[in-house]
Amino acid sequence: MQITEADFAAAVDSRNNRPIYGILKQAHVGIAGLGGLGSNIAAALVRSGVGSLVLADFDSVELSNLNRQLYTLSQIGRKKAEVLPELLREINPFCEITSHCVRVTATNCAELFGDCEIIIEAFDLPEQKAMLVNTVLEQMPEVELISGSGMAGYGNANAITTRRITPKLTLCGDGKTDVADGVGLTASRVIICAGHMASRAIEIILEGANKHE
Amino acid sequence: MVKINGVPQDAAGKTVAVLLEHMNLNPARTAVMVGGEILPKANFGRVLQDGEEVDIIGFVGGG
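Protein chains in written order, with numbering that gives the first Met the number 0: chain A, 0 to 212; chain B, 0 to 62.
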């Protein structure tokens with residue numbers, strides 16, 4: 000089926016206010032980590048019509064990822080940074096996607112995500128989460144940063160919230176449930192946290208557009 | 000008093016490193032903001048002053 004960008008914009012417009020598509024189309028969002036949070040956040044953002052994504056992850060798809068991540072059986076063994084853009088283009092072929100198969104570090108972060116107004120921390124390990132948050136806040140003070148902490152287990156989904164910590168840092172999650180406690184990760188709670196993070200990104204994009212009017 | 004994550008506590012005169020130890024937090028898994036600004040880990044020896052506001056995030060695993 001041949002779909003033009005005008006068809007896509009019209010379809011998104013029919014579900015949103017007309018100017019929203021144009022605003023989201025101009026946005027550049029970076030996602031560090033393409034696991035349970037990152038893959039689902041990316042899907043939500045391309046479905047919403049965000050114009051440009053920068054993705055980074057060094058890992059490959061494993062069978063154990065399928066309980067919560069966007070990937071499918073036929074993609075096992077392939078690099079997430081290679082597979083995810085394929086999935087996302089099936090959803091919205093008009094999103095500009097730059098994908099890096101690399102481990103994000105304090106040294107390469109600013110270079111990888113330098114064009115992004117918003118960076119989303121979507122790692123698994125707490126040391127990596129802390130590294131990214133410290134690096135972005137220290138090296139990229141203009142960037143809006145969204146981080147996720149606490150979405151493991153089977154507890155009440157309403158415990159997962161969005162909190163603005165400082166003017167440039169938003170934290171999503173319940174802040175407590177740790178996968179290290181053996182409570183596991185379930186798709187429902189991870190997707191809820193991913194939804195909070197994607198929603199916050201869209202809110203920031205639209206707030207920014209209002210400020211510049 | 001020092002406001003830590005919104006709650007006033009008797010922490011003036013303590014370093015951030017000591018505060019994290021008392022809170023049972025691993026510095027490698029934290030982000031610390033003083034007055035809304037990130038405090039680089041190299042400065043965790045900084046002594047907290049009366050009236051300061053500190054936000055501490057102790058990250059947990061999962062994503």
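Hints were generated in silico from the structure; no laboratory data involved.
A portion of the hints provided could be inaccurate.
To give a feel for the contact side, a few chain B residues facing chain A, derived at Cβ under 10 Å [what the hints assert, rightly or not]:
no.	residue
1	A16
2	T29
3	A30
4	M32
We put the beta carbon where it would ideally sit given N, CA and C, even for glycine.
Hint-by-hint comparison with the structure:
A least Cβ separation of about 15 Å between A16/B and chain A goes past the 10 Å threshold, and the interface hint is therefore violated. A least Cβ separation of about 6 Å between T29/B and chain A falls short of the 10 Å threshold, and the interface hint therefore holds. Below 10 Å, beta-carbon pairs count as interface contacts, and A30/B has one with chain A at about 4 Å; its hint therefore holds. The restraint placing M32/B at the interface with chain A holds, with a minimum CB-CB distance near 6 Å, inside the 10 Å limit.
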